[in-house]
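For the record, the sequence lines run as chains B and R.
Take the first sequence: its position 287, counting from 1, is numbered 322 in our numbering, and each next residue is one higher.
Take the second sequence: its position 263, counting from 1, is numbered 264 in our numbering, and each next residue is one higher.
Hints were generated in silico from the structure; no laboratory data involved.
Where is the CB? At the ideal position from N, CA and C, for every residue including glycine.
Possibly wrong hints are sitting among the right ones.
What the hints assert, rightly or not - Part of the chain R face toward chain B, derived, beta carbon under 7 Å: (1) Pro20; (2) Ser22; (3) Val47; (4) Arg68; (5) Pro82.
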Amino acid sequence: MDGDEEKERFKGELKLFCGADEKLARAAFDRFSHPSRRYLYALLRDKFSRDDQEEIVQITLVKAWKHRNAFTNHGRAAWFGWLAKIARHTCIDRIRGTRTEIPIDLLTERDDGDLPFIELVMTNALGREYFYLADVDLLGLDATLTPSEQDRRLLAAQYFYLHDWSAEELLEHLSETRPDSPPVSHAQLCSWLEAPGTLRYLAYQELYFSPERLTAYLLRMATDSTAGDLERALTTMRAARTVSSGLGGWTCLETQAILWRYYRGLTADEMARHIDSDTNINELESIFERCGRMFPFTEQMEKVCRWLDNLDFLKMERPKLIGGESGLWYRLVFEYRYRHSLPLKDIHQRVYSAASLVPYEITLDMLNTWLSGGRLLNRLRRYYEKRHSE
Amino acid sequence: MKKDTVSETEVEAKEEAQPLSQDSVELLDAWLRSQEFAAEPDAPNVAALVAYLSGALSADALHNVERGLVLHPSARTQLRPTREALRALRTLPWSEVAQVRQAEDLTGQVARAWLALAAGSVAAAPSAQRQWQAEGWNAIREKMAAGAIETKAAWANFLSFGSQLRAAFQRVGPAVARSGRDAPPLLWGDLPPDIHLSLSAEVSAEGTLQATLYIQDSWESPSSHLAGTQIHLQFLVNGQTWPLADAEVVEDRAVWTLPAMGTVLGLAAGSLPAAYFCLVLNGAPPPLLAGSLPLLAEVQDAEGKPTGPPVLLELRSEPRWAEEKFHLEIALSGPVRIAYQACQLRLEVVVFGNFRQCLGCWPIRDWSDSPRLLTADCPDIRDTAVPYASVLYAALQPLSLPREVI
């Protein structure tokens, strides 16, 4: 289902939800309660324990059903905004240990003019487009190119810079793989290879570690280990009886902990419930501290800096290319936050040491401003609206 | 450590104009975090890499492979050995590649994937000209993105015909081929009396082939006698034709604009003689001009490089595959046999893009005045016959040519 179909479907469900027929309204509510739950968990993730989250989500949905007559159907964005208001009220009750009725003014939908933009993002963000726009806006890739053309250029740059292919070999390869396209000239290839956006993207690829890549790195597994490989490793570790049969020099228990933490994204607290052992949280934290010392980010950044130092043609100053003015760090944070839903502290761990080599100091407070303060979303809003108006 | 406070403040000042409300930020932030975004592609496997390297993928599949390569360094590393294995396999006879594919190593995997592609392409080759006749240059170019094997095969065989055209130029010399007054284009179909045609064709600096047909009466005045007539433009090389595109006559002329054709076929900018074109009026049946199928063979030196003008071979039968064997009857004239007695004839079959698969090599000295029936094992290929010669590539090369040069 594409974004527009999903938007219309949700709108139809909300219409039933607001309608007079209670049976139809209930059925519709049940159908969209899954995305609503997921949304509420994301809203509460960094603020409450798992048990508290579950309770708040449950109470919020009960309240939403109870007050459904107060909701006016202005679409999906309005629904999630309304749900957030109820959740906030429930959270306050939870913190104060009270259980109060929601004041009527809280149930009134807000209208601050942002809803059309939010709806636009919700409609268009389901595919790769949102991340592609982040590549273009934050890394400075050529906005006139399609994602396919962009990837072709990035791949050429990777082969040239990282795999030592000659320009001649690349040109031959480029024409072989697209026999129906006019051949790429040497001058065109040079312009691809020297584009600041391309160089920045390559730096980004070196610094970005998906949960799979980071976990495989820590466990010294193959660099292209997939989610399936890691799931299998986890199953094997859970079935293993001996404590010394882990991966990459870790014990079986340590391997499990690393898989839960860096691949599955659980906290030490949450993890204690999943590991069949009497390992306490302090021991887990100690494993993660050791992992933190092994993180590859500084080393990768040094590699990137060495590579850039060797590019004779490079005219752009370092801060503009990969420093605080470059968008590179925004892009990394964007990926960790929205593709992997990492908490602030985890994102900070993945960027601050590498950024410090530029030098660029990224603090937790800065990340908070970028994310919860809306810096990143505001920047993308402007770009997104500009692009869609074009 | 220097804190980048100046730029931070500047960024803040620029970006805080008309910001989203705090509620909206919270809403959008949580909603985005609650989404399961489309997963990025996995690392492409060997079969996907072989199809990619062979130009056999649709636009979407090609992007998926390239995205996978961008994201997965290990797949990127595997591309070069896959490419090298593929190149080596293409030079072996089909039957040897079929043996190699039994192996479980990288070469075996590459051989399996490649032979499957090659067999599919050969099976689709007989309909290539029909597809060109029906759809023409612009439609086929657009359909290449969809990646249907029939279209890919039609394209590859057209490129091969283009190489025959270039070889024909080479045979008479490009200056001769592209100079002088044009002979009238060959016409297939009924023309009203006292109507004369002249064709002007040119490859522009951007690589567009532009052909204009002028229709005149016997006083050499523009004539609209053929207005509304559909005319199909075809290439004509050594008596063989290849359909290019339709155009309708408007008033006294018909115009064909074929973007990038010159670039794709490697034709330099400049005029093309009308003798290299054939015109088919109102859907007349395609002409069968030659009794045998002529094929120009490249002459190569001991290093495998082209040397001297190409040699014309006469195929006395259609190239065909039956019972997992390739069959071709071919005649060599006395002068060719004498001039190239220390050479062998190497035949390859066109697969995708400019890629071909070797079928085998046959010493010239084994020919006599009679045509010779050549056969070669091609396991797993379907019975098929191809009604044109350019599904094959031929080369005359020294008998002692080492395999690595081949």
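**Request:** Tell me if Val47(R) is really an interface residue toward chain B, meaning its C-beta lies closer than 7 Å to one of theirs.
**Result:** Cβ of Val47(R) sits 13 Å from chain B, so the hint is violated.
**Interface hint outcome for Ser22(R) [beta carbon to chain B under 7 Å]** = Since the shortest Cβ distance to chain B is 4 Å, the answer is holds.
**Request:** Return the status of the interface hint for Pro20(R): holds when the least beta-carbon distance to chain B is below 7 Å, violated otherwise.
**Result:** 5 Å, holds
**Message:** Hint Pro82(R) vs chain B: min CB-CB distance below 7 Å?
**Reply:** 12 Å, violated
**Asked** Is the hint on Arg68(R) kept, meaning its closest Cβ partner in chain B is under 7 Å away?
**Response** 5 Å, holds
Consistency with the previously given hints fails for numbers 3, 5, ordered from lowest to highest.
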